[in-house]
Amino acid sequence: MSTTLLFVQALNGLQFGILLFLVAAGLTLVFGVMDFINLAHGVQYMLGAYLGATFAAWTGSFWLALLLTLPATLAIGLLLEFLIFRHLYERDHLSQVLATFGVILFLNQGVKAVFGAAPMQMPMPDLLTGGVPIMDGLLYPTYRIAILVAGLATAALLWFLVERTRAGMLVRAGASNAPMVSALGVDIRRLFMLVFGFGAMLAGFAGVMAAPIFSVEPGMGDNLLILAFVVIVIGGIGSVRGAFIAALLVGLVETLGRSLMPDLMRLFLDPSAARQTGAALASMLIYVVMAAILAFRPAGLFPARR
Amino acid sequence: MKGRDLAVPLVIFALLALAPFIGLGQGHTLTLLARAMIFAMAAMSLSLLVGGAGLVSLGHAAMLGVGAYAVVVLDHARITEAWMVVPIAILAAALFALLTGAIAIRTSGVHFIMITLAFGQMAFFTTSSLAIYGGDDGYTLYNRLELFGSRALEGRLFFHFTCLILLVGVWALVQALLNSRFGRVLQATRENEARARAVGFEPYPYRLAAYAIAGAIGGLAGVLLANAAEFVAPAYLTWQRSGDLLFMVILGGLAGPHGALMGALAFVLIEEWLAKVTEHWRLIFGPLLIFCVFFMRGGIAGLLRRG
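Taken in sequence, the protein lines are chains A and B.
Counting with my numbering, you get residues 292 to 597 for the letters of the first sequence.
Counting with my numbering, you get residues 16 to 322 for the letters of the second sequence.
You may find that some hints are simply not true.
[What the hints assert, rightly or not] One-sided excerpt, in silico: chain A residues whose CB lies under 8 angstroms from chain B:
| id | residue |
| --- | --- |
| 1 | T345 |
| 2 | I375 |
| 3 | A404 |
| 4 | A408 |
| 5 | M411 |
| 6 | V440 |
| 7 | L547 |
| 8 | S574 |
| 9 | I584 |
| 10 | L585 |
| 11 | L592 |
| 12 | P594 |
[Said to hold, decoys possible] Partial chain A-side listing against chain B, Cβ under 7 angstroms, derived:
| id | residue |
| --- | --- |
| 13 | T350 |
| 14 | L385 |
| 15 | M581 |
[As the list claims (entries may be wrong)] Rough simulated footprint, nothing fancy, chain B against chain A, three-plus residues with beta-carbon under 8 angstroms:
| id | stretch |
| --- | --- |
| 16 | 388-395 |
| 17 | 481-489 |
| 18 | 512-525 |
I should point out that these hints are in silico values taken from the structure, not numbers from a laboratory.
C-beta atoms are modelled at their ideal positions from N, C-alpha and C, and glycine is treated no differently.
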């Protein structure tokens with residue numbers, strides 16, 4: 292494999308990592324602040340993609356679609372919080388896993404019932420079609436670079452919100468001791484709702500951004516959800532910084548593994564078997580990394596301060 | 016053990032034994048009942064972990080998968096004698112549980128859920144990489160297992176009663192384990208780990224043993240599942256399947272193996288019924304699950320106890 296191809300794959304890996312981060316950020320905040328396992332976070336990503344594609348078809352504009360999807364996913368997140376999740380904060384993790392699993396079943400099937408099982412397409416914005424020369428004779432799609440930039444900007448914004456604003460300070464305080472924050476006169480329920488809605492919106496944002504390059508289909512959030520869980524467990528639950536680094540790590544390992552493993556396997560196997568085995572081994576790689584990290588650092592790489 | 020805890024499973028076993036003779040003997044119905052009994056075994060092994068030891072595993076489908084794929088590997092090598100295959104498959108699943116459990120049980124709470132999920136995903140991707148066994152597409156068995164060289168398991172009734180006998184066996188085993196000294200220690204470490212330690216019980220070996228036993232039972236269920244369908248695919252090991260198993264356990268209630276037994280039977284029958292009513296049965300199934308979590312804290316077993 293040539294260095295250029297490796298470079299392109301590394302860029303793809305970073306870009307996938309950024310998308311993962313957008314999903315994982317909400318998950319880790321909800322987890323850290325409310326001690327709440329939300330399996331249904333992946334369907335927020337899926338809903339973002341579906342709403343984006345639908346709005347784009349209605350309005351004919353990617354940007355309008357993006358603008359409409361963000362408040363829509365925020366509203367859906369708040370609605371789910373109000374109807375279901377808020378009643379689960381006091382319950383054990385098992386109940387949370389099961390109830391949010393029920394939400395996944397419902398929404399995946401709901402999307403299938405409304406939009407059909409066939410994948411949907413979302414066109415790229417005209418502004419971002421085409422490619423950018425990044426090396427001699429090598430064009431990298433502009434849209435993928437835009438995802439990288441938008442993701443990094445969102446990460447920076449999130450860092451600012453969490454570390455430098457009053458709401459962020461309360462979120463951090465809630466993560467270390469929610470009852471104490473509540474006792475000091477902060478409406479912790481409202482804080483939870485805020486964090487939840489914001490997390491849902493981030494996942495929806497990731498969904499819209501991903502829609503033009505991945506196929507929009509029912510269940511698309513499930514695999515990403517599992518990877519996002521791997522990210523927050525590796526990064527340390529509740530730590531946004533940990534989630535950022537772990538997301539890039541997971542994105543790189545996943546993408547590079549997928550492109551390198553089949554070649555590696557070809558040394559031992561015939562080409563078609565090598566392709567299948569390599570792809571599967573690459574998918575496994577990330578879980579091996581996670582198990583290894585958990586075996587040696589059970590609290591993750593950057594455990595949130597308690 | 017309370018009388019009702021004993022009466023409920025005995026009634027269920029009697030009904031299952033009578034089922035072929037009271038008009039439920041058609042091929043489709045028996046296939047469905049076999050499937051329900053097989054998942055009941057898996058759910059009871061999971062309830063040993065969740066209810067007994069307080070270990071919430073989101074990777075239990077992998078145990079069934081290891082058992083099923085052991086059948087596949089041996090079938091491919093033309094070894095189909097039950098007395099060979101079943102012990103090997105059970106040992107394989109127990110060994111898998113022992114190895115992954117040794118790491119997973121070092122963690123607790125949320126991390127335990129996540130790491131069992133990760134091991135389940137590893138098993139899933141491993142099976143989809145097995146190109147000689149069909150990869151993603153799965154593998155069709157040449158035939159069902161043989162019993163001393165005879166094809167008796169191909170017979171619907173014989174298979175039905177084989178499943179039923181094993182189901183009773185698994186129930187009795189899990190019940191006996193929970194009532195034994197071993198089970199008491201497990202429950203003590205679940206209730207209060209610090210106190211269990213203080214009176215001299217190190218939780219780790221007990222939990223690991225429970226995990227391996229649950230894995231072994233899961234492996235047995237996997238063998239039966241493979242033989243019931245005469246087909247095995249990585250889809251058996253998806254994390255959604257592990258979620259289904261957890262749902263069965265909670266739907267039935269955590270009070271003992273009879274809870275998981277009822278939960279699994281109810282799950283499979285409701286699923287079948289809803290799928291007949293509408294193509295989009297999950298639209299009803301998902302909210303049903305949420306409803307159970309919200310309002311049926313003791314599961315079906317809890318309802319019976321109150322009623």
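| message | So, against the hints stated earlier in the document, which numbers end up violated here? | response | 1, 4, 5, 6, 7, 9, 11, 12, 13, 17
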